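**Student:** So the protein sequences, as listed, match chains A and B. This note's numbering numbers the first residue of the first sequence as 37 and each following residue consecutively. This note's numbering numbers the first residue of the second sequence as 37 and each following residue consecutively.
Everything labelled a hint here was simulated from the structure, so no lab data went into it. Among the hints, erroneous ones may be present.
Intra- or inter-copy, both count: the list cannot distinguish identical chains.
[Stated by the list, open to error] List time: in silico SDA-like cross-link candidates among lysine to any residue, alpha-carbon distance up to 20 Å:
1. K292 with H330
2. K357 with G71
3. K357 with N160
4. K148 with A255
5. K357 with E158
6. K148 with E372
7. K292 with H262
8. K357 with G253
9. K357 with G369
10. K357 with I75
11. K148 with S232
12. K357 with H161
13. K357 with A370
14. K148 with H262
15. K292 with P378
16. K357 with R419
17. K292 with V263
18. K148 with E129
Since this is a predicted model, take the numbers as computed values, not measurements.
Spelled out from the first residue to the last, the chains are:
Number of protein chains: 2
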Amino acid sequence: MSQPLRVGVAGLGTVGASVIRLLHRKADALEQRTGRRIIVQGVCALDRQRERGLPPGERTWFDDPVALARSPDIDLFVELIGGDEGPARAAVEAALACGHSVVTANKALLAKHGLALAALAEANHVALAFEASVAGGIPIVKTLREGLAGDSIERVYGILNGTCNYILTRMEREELPFDVCLAEAQRLGYAEADPSFDIGGFDTAHKLAILACLAFGVAIDASAVHVEGIRSITLADIRWAAELGYRIKLLGVAQKTALGVELRVHPTMTPISSSIADVMGVTNAITIDADAIHELTLIGPGAGGAATASAVVADIADIAKGVRSPPFGIPTGALERAPRAPMQRHEGGYYIRLSVFDRPGAFAAIAGRMAERQISLESIVQRSPPGERDLASGGSVPVVLITAATTETLIREALAAVVSDGYVAERPQVVRIERE
Amino acid sequence: MSQPLRVGVAGLGTVGASVIRLLHRKADALEQRTGRRIIVQGVCALDRQRERGLPPGERTWFDDPVALARSPDIDLFVELIGGDEGPARAAVEAALACGHSVVTANKALLAKHGLALAALAEANHVALAFEASVAGGIPIVKTLREGLAGDSIERVYGILNGTCNYILTRMEREELPFDVCLAEAQRLGYAEADPSFDIGGFDTAHKLAILACLAFGVAIDASAVHVEGIRSITLADIRWAAELGYRIKLLGVAQKTALGVELRVHPTMTPISSSIADVMGVTNAITIDADAIHELTLIGPGAGGAATASAVVADIADIAKGVRSPPFGIPTGALERAPRAPMQRHEGGYYIRLSVFDRPGAFAAIAGRMAERQISLESIVQRSPPGERDLASGGSVPVVLITAATTETLIREALAAVVSDGYVAERPQVVRIERE
Chain A
37 MSQPLRVGVA GLGTVGASVI RLLHRKADAL EQRTGRRIIV QGVCALDRQR
87 ERGLPPGERT WFDDPVALAR SPDIDLFVEL IGGDEGPARA AVEAALACGH
137 SVVTANKALL AKHGLALAAL AEANHVALAF EASVAGGIPI VKTLREGLAG
187 DSIERVYGIL NGTCNYILTR MEREELPFDV CLAEAQRLGY AEADPSFDIG
237 GFDTAHKLAI LACLAFGVAI DASAVHVEGI RSITLADIRW AAELGYRIKL
287 LGVAQKTALG VELRVHPTMT PISSSIADVM GVTNAITIDA DAIHELTLIG
337 PGAGGAATAS AVVADIADIA KGVRSPPFGI PTGALERAPR APMQRHEGGY
387 YIRLSVFDRP GAFAAIAGRM AERQISLESI VQRSPPGERD LASGGSVPVV
437 LITAATTETL IREALAAVVS DGYVAERPQV VRIERE
Chain B
37 MSQPLRVGVA GLGTVGASVI RLLHRKADAL EQRTGRRIIV QGVCALDRQR
87 ERGLPPGERT WFDDPVALAR SPDIDLFVEL IGGDEGPARA AVEAALACGH
137 SVVTANKALL AKHGLALAAL AEANHVALAF EASVAGGIPI VKTLREGLAG
187 DSIERVYGIL NGTCNYILTR MEREELPFDV CLAEAQRLGY AEADPSFDIG
237 GFDTAHKLAI LACLAFGVAI DASAVHVEGI RSITLADIRW AAELGYRIKL
287 LGVAQKTALG VELRVHPTMT PISSSIADVM GVTNAITIDA DAIHELTLIG
337 PGAGGAATAS AVVADIADIA KGVRSPPFGI PTGALERAPR APMQRHEGGY
387 YIRLSVFDRP GAFAAIAGRM AERQISLESI VQRSPPGERD LASGGSVPVV
437 LITAATTETL IREALAAVVS DGYVAERPQV VRIERE
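Just chain A, with the same shape it has in the complex (with noise of 0.2 Å):
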C-alpha cells in the first residue's frame, strides 16, 4: 500500500463541506480504487464557529488559504474559494509552486488564468484538475480530454448555465413574461441577487471558453466569445418556437469553421426533436459533434453541492492514482493562439420576429430587402401564434421569418434597411437557429 494523500480543502461552503463529507464516507472505497488512503489533513474558511455538519477527523485548522496551500503536511490543494483573483488565485498558485497538486471547481479563475496556471502545473509536474468547474456533475472535461483523445471534434454546444434554463423552462410551461420567472429563480436560490452574470450568459462564456480549449486546443480567450443573454426573450418568441417545431435555449456553441473557432453564446432556437432541446429546468446538457463518433450527448446536474463535490472527489481520485497529464488534455506551449471566427461571418439560419405596421406593401417590401441581399426564407407567417391574446397591438401585427443559411452581417444589414424604411414598430427580434 502507498502513502497516503493527505488533502488541503481551502472554502467549506456547500461544496467544501459535501467534499469532505464524501472523502470520509467512501473512504475504504476509494481506498480501494486509488490504491491510498485520501485524508483530509487541513481545511480553511473565513468563519471558524460556524456549524457544518463536518464528519469527525483531525484537521488543521488554517486562516489563511496560502499557508495550507504550502503547508508541508499536504499533498493536494482543493480549492473552493471562489473569485478569479484574490485568495483564490494566491492560494492555487502557492501550492502549485510548492508541488502541490489543485483540485478547482473555480470557472472564474480558470476562464481568466487557466493557461498560466497548467503551465505551472506542468513546470511543478503536478496535476491541475478541474472537473467540477464546468457543468457540475457531469463528467465533460474527462470526456474532451480523455473518452475522445482519437477523435476530431467539430463542435461543442450545450447548456451550461441552469439559471436560464430553469428561467426559459418556467416561461414555457407557466407562460409567464421573464420578470416573473427571473424573481422566482432568485426566491428559489437558483439566481443571484444580481443575476447578471448568469442571465447575461457570461458564466456561460467561461464554461466554453474552457471547454473550447479541451476540444479543439485552442487558449483560452472568455473575450472571445460573442455573448447575448435571454432578457429579450419574450413569451412570444417562446410561442412561435413550439409552432415552428423549436424550442429556445441559451446555448454556448464552440465550432470550428474555415475562419478560425467560432465562441458564442446565445439564445438559440434549438430543434424539437434534438436531446438538447428536452433539458429542462436546471439540468444542463452537452453535445459534442466529433468526426468518429459523430454526436455524443451528455445530460446531468449543472449545479449543486453533493454533484460538484462527487467531481471534485472523482479529480482527487485520478490524482491519487497517479493520473498527470496536461490539464488542457495537450501541454499549453501547443495550444494555439489560432484566430477566432469574427461573428459577423457566422452562418447560420435565423428567426426574425418583426412588429409590422398593417401597411399595403409592407410585405413586399421586407422580402425584397432580404432578396437583395440572397438571404433564402424558409418560412414567412404573418399572423398571432396560439396562445397569443392582442393579435394586433397599435396597429402592428408580428411577422415570423425564417431564413435558410446566411451570414451574420447580410442579416443585419437586411434588418438595418427594414427598419429605416419604416416599416416596422418595434426593433426587430433576431434568434438565431443552431442545426443538429
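We have chain A already, so just place chain B on it with the hints.
**Tutor:** Quick look at chain B alone, frame taken from chain A:
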C-alpha cells in the same frame, strides 16, 4: 520524450482498420497528449491479401494472434478478433501473461472471462481496457470507473443494443409489425442473419453484466441476468404505450435493492418525458442514478467502426500515459460475489394487455383477481387504442391495466388465475414499467 508505445492489432475488420487509420491520422495529436509516439508495429488477420485501405507504414504481419500477443516487439495488444473462446481468449491471456497491456472491444469475452483476465492483468501490473465493449463510442466505462469514483450508484439502465432500438423505432414510426422491421434491419446490416442474440436480449445482458461490475463492484455474471427479448412486442403494445404516456424500449437495468443487485433485460415502458424514451434508431443511451449526482444520461453511437475505434484509441492513449488502475475500478479480489436479487421479488409497475371474451362479469373477475393480491390498479381501459383497426376480433375486446408497484410473483399469480378463470382469449402480455 519517453519511449514510443508499440502496438499490435489482431483483427482487421471494420473496427481494426479504423483503429489503424485513426492512430495514423492523429499520430501527432496523440503524441502531444500522451508524451509518446504510438506505433502500430504488428498486425494479424485471417486473410493477408484483402484490401483494407490501411495507411502506409511498416507493420509486421502475423498469421497467429498468439504470436503477435507475445511478440517482444510490442507493448500493447489490441484484440478485435471477437468470440468468447478460441484465438481471442488465447491471445489476450498470452499478452497479459507476458506483461503486455491489452485493449479489447470484446464484450462476450469479458462477460465470460473478464474476472480471470482482470486478475491476470493485475498480477502482471499491466492494463486491461475495454471502453469499446459496451455502447461503442459512449465513454460509459470511463464514466463509471473514474468519473463517478466518489459517488454511490443506485441504478444503471439503458438502451445497449442498437438493433432492438432500431426495430422498436421503425415499428412505432411506420406502424409496421415486428417481422417486417426485423427484415429491414437485416437488409441494412443492423441485424445478423441469426438475430436471436440481439433481439433475444443476450447482447444487452452481456453489456449489463460488465456495467454492473463497474457500478456496484459485483463480480461479472451474465448468467445472473433475467433476460427477455422484444419478439413478443406487438404494434398494439406500442400504440397503447403512446396512449398511456410511455414508449417501449429494450432496457438493461442493474439496480441495488435490499436483496442484492437486481439485473434484468426486458422490454420496458419508459416515461415519454425521460431522456431514454427519446432515443431513437440505432443510438444507445445509459442513465446512471447516483446519490450525489442524482441522474446522469449519456447518449451516443452504440456501434459502428469509427465510433468503436475512437473508444479503442482513447484506451490506447490512457495506457500510453501510464494510467494503470484495476480494470474494473477496484481490485478483482475485492469484487463481491454478492447475492443477486431474484426476479420473482422484482418490484415495479406493470402494463398488462388482455384479450377478454365479451361476457358479463369478465371485468369484475379480472379486477377481483388483482384485488385479492393487493395489486392496485392505476388505470384500467377497455377499448382499442388509436389507430387500432380490429376493435374486437373473435368476440374478444382488449383490456389494458396499469398497476402500481407490486411484485413479479403477485402479478404472475394474478394472471394465472385470470387465465384459468377462462375470461381471456390469448396469453396475457406483460411489460414492466421503469420509472424515472
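**Student:** Of all the hints given earlier, name the ones this structure violates by number, lowest first.
**Tutor:** 16
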